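K.L.:
Let the hints inform the model, and build the full structure from the sequences given.
Chains as they are written, first to last, in UniProt numbering: chain A, 1 to 354; chain B, 1 to 354.
Please note: incorrect hints may appear among the correct ones.
The list treats identical chains as interchangeable, and a pair is accepted whether it falls inside one copy or across any two copies.
DSS-like, lysine-lysine: derived pairs with alpha carbons at most 30 Å apart [said to hold, decoys possible]: (1) 77 - 3; (2) 10 - 197; (3) 263 - 47; (4) 257 - 22; (5) 268 - 47; (6) 124 - 323; (7) 25 - 41; (8) 310 - 25; (9) 323 - 25; (10) 22 - 47; (11) 226 - 24; (12) 77 - 22; (13) 3 - 124; (14) 25 - 77; (15) 124 - 10.
These are computed hints drawn from the structure, not numbers from a lab.
Values in this document were obtained by computation on a predicted structure and should not be read as measured data.
Protein chains: 2
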Amino acid sequence: MSKYWSEITKSIEPYVCGEQPKDKKYIKLNTNESPYPPSPKVLEAIKNAANGDLRLYPDPDCDELRSTIAEYYNLNKDEIFIGNGSDEVLAFSFLTFFNTNETIVFPDISYSFYPVYAGLYNLKYRLAKLQEDFSIPISEFIGKNGGVVIPNPNAPTGRYLDVDSIKKILNCNSNKVVIIDEAYIDFGGDSVVELIKDYDNLLVIQTLSKSRSLAGIRVGFAMGNKELIQGLNRVKNSFNSYTIDRVAASAAMAAIKDEDYFKQCVEKIIKTRERIVKKLNSLGFNVIPSEANFIFITHKNYAANDLFIKLREKSVLVRYFNKEKINNYLRVSIGSDEEMDFFIEKFQEIIDEV
Amino acid sequence: MSKYWSEITKSIEPYVCGEQPKDKKYIKLNTNESPYPPSPKVLEAIKNAANGDLRLYPDPDCDELRSTIAEYYNLNKDEIFIGNGSDEVLAFSFLTFFNTNETIVFPDISYSFYPVYAGLYNLKYRLAKLQEDFSIPISEFIGKNGGVVIPNPNAPTGRYLDVDSIKKILNCNSNKVVIIDEAYIDFGGDSVVELIKDYDNLLVIQTLSKSRSLAGIRVGFAMGNKELIQGLNRVKNSFNSYTIDRVAASAAMAAIKDEDYFKQCVEKIIKTRERIVKKLNSLGFNVIPSEANFIFITHKNYAANDLFIKLREKSVLVRYFNKEKINNYLRVSIGSDEEMDFFIEKFQEIIDEV
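P.N.:
Set out below in C-alpha cells:
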C-alpha cells in the first residue's frame, strides 16, 4: 500500500493471468493459445506494414479493419468496435453499459476477469449458480438485472450454451445489455452474431487471440447495434484515441481474410480435442463436454493440484484454479497432437510413480 | 443517447483528436508527428518479430522493454511502466493516483485530454491560470491539491518549465502525485527524470510517438518511484493484462537503442524550428517560445481561424482550437524543411489574395 494510491487502487484485486515462465522450456497448455502459427499472409502483412508510415498515427476509428470484419459477418461497419485485445473490449463494455447502483449477473464459474472489472468500476454483481455438470441454467438470468455477461463457450469449463437459450436470456433482459463473450466460439459452437439484427441489447465479443493464432498481436472486437457501438466509442475516446497500432490493424485484416488457413487450424484443433478426450476418458478422467480449444478435466484417483505440480516438474504447464467447486479440476489447452501426446505420456509417468 | 448507456457514458465528453483526413493528400502539420521515418533498425525489428511466436501472448510485464528504458535513463526496471501510448499511461495514472473527493490541478491551457480523463473518472479539477505569455506560474500549484498534472513543454503552447520550478512544485505537493507529461521533452528541454530518486511523488510520462517517430506503433511509458509503478500495475492488471503486443515491444526496444538516429532526427527538427520561427517573425507572426516539435503562432493582421481554413484549402493541415484565450492561435507541427517551406509559401499566397 502506498499513500499515493487512490482509494480504487487500494481496493482492487487485479487479475492474475496464466504463467508465462522464463526459467525453462515448457509445453504450454495453460493460456489457450493456438499451437499453430498465424497465417503466412499475416506475417507478410506485418512485414509490409514495417515502413515509414509508422511515424504517423493510426486511424483512430480502424475504418478498414471494421469494414473487413463487417463484411465477414454480414454487418455494417458502424456495428463493429475494435479493441486492444478482447480484454480491453470487455473493460470498456463494463464501463459503457453497467451502472454502480444496479447488479449485473455472470456465472459463478466463468472468466475470472469479470469480477475484477466489477471491482475496478465499483459495480455490484450476482454470481449465477451453474449446475453440478457446469451447464448454465437460464433461470439464473431471469429477473431484474443491471446487465448480463456470459462467456460462450464458458471458460474454464468449455461448456456451450445454444442459440435458443441465449435468445431466452435476451428476451428476459430487453432493457439491459447482454454481453456474450465468444472468445472460444470458433471451436464448435454457433455464434449469436446473427441475432444482432433482432436484439438491440446484444453485444457479441470476439478475439483474434485463439482461433486466429494472434495472442501476440492484441486485437479483439465487439459487434452489436450501432447505439451500443457508439457508446463504446464514447468511452474509448475518453480513454485513449489510438488503441490499435498500424501493424496490428494490418495483421488483423490479413487474418480475417485468410478463411482457408483459419478453417484448417480450427479443424485440426477440434480433431485433436476429440482424440484426446477419448484417450483421457479411457485413463479414468471425467472430461466436461467442450466446444472450446481447451478441456476441463478431473480424475477420481488423483488430486488436480498434485497433478498440476507434477506436470509442471515434467515441463508441462496446465492451468489450476484454487477456487471452490473447481479446485479438483485442471484446464488443459489443446496443443498440437505431439504436445498432447507428451502431456498424456507425462500423466502416465506420474501414475506409474505413485 | 441510448437507454443502454451507463450514466458515465451519457455524461462524458470524449476527446477529439486532430484530423486524419482521407479525402486528399495533405501536408500534415496538425498532430505533431515526426516528419522522419522510424529508424531502419526499428523496421528491421518489426520484420523479425513477424514470426510464429505471435501465436503466444506477449510478456504482460514487458520485462525486456522496461530493462531497455531503465538502462537508458539509469533507473531500475521496477521504476518503469509501459502503456499503449502515453494516452493510456495518462488514463491509468488519473485512476491510480487521484480521488473523486479531492481537486486536482492542471493548466487552463494544456493537453485537452486531461479534463476528459477527469470526466471519465468523475474527478474534480481546478484550472491553473497561465500568464498572458502562456508561461506557467508556480504559485498556481501551491496549496491543497489532490494532485498535479503539467505537460512540459506545455501543449499546445510549446512553453518549457525549468527543472527548478518543477522542484518547487514537487516540494509543495509532497503528499500528492505530480505528473510531468514529457511527451515533447526531447526537442530542447531538460527532463526531470533525475529527480525521481529524490521525489517519490514524481511521475514522469514520455512517449515514442514524437521524437522517436513511432506514433503508428503506440508505446508510451511512465517513470517514477516503484510504489507509484506498483499502483499503475494494479490498475492496468484490473483492466487488460496484455496491453503491449509482441511487435510493438520489439519496435520500441530497437527505437530506444538507436540513439544516433534519434539524435539526428531531433537535431534536424530543432534546426528547422529555429529557421521557421525567424521566418515567421519576419512575416509579422508572434511565435510563443517553443521547446517542442510544434510552434504556437498568432498574427496581428490575420484571424487564426481564417488562416486555418485557407491553409486547409491549400492542402496544409494545422491545428486550430476554438477555445477562449487561444482562439486566435494556430498550432503548427514542425515538418521537414520542404514541408515548412510549402507552409510558408501557402501563407504568403493567402496574404497576397487578401
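K.L.:
Flag every earlier hint the structure violates by its number, smallest first.
P.N.:
none
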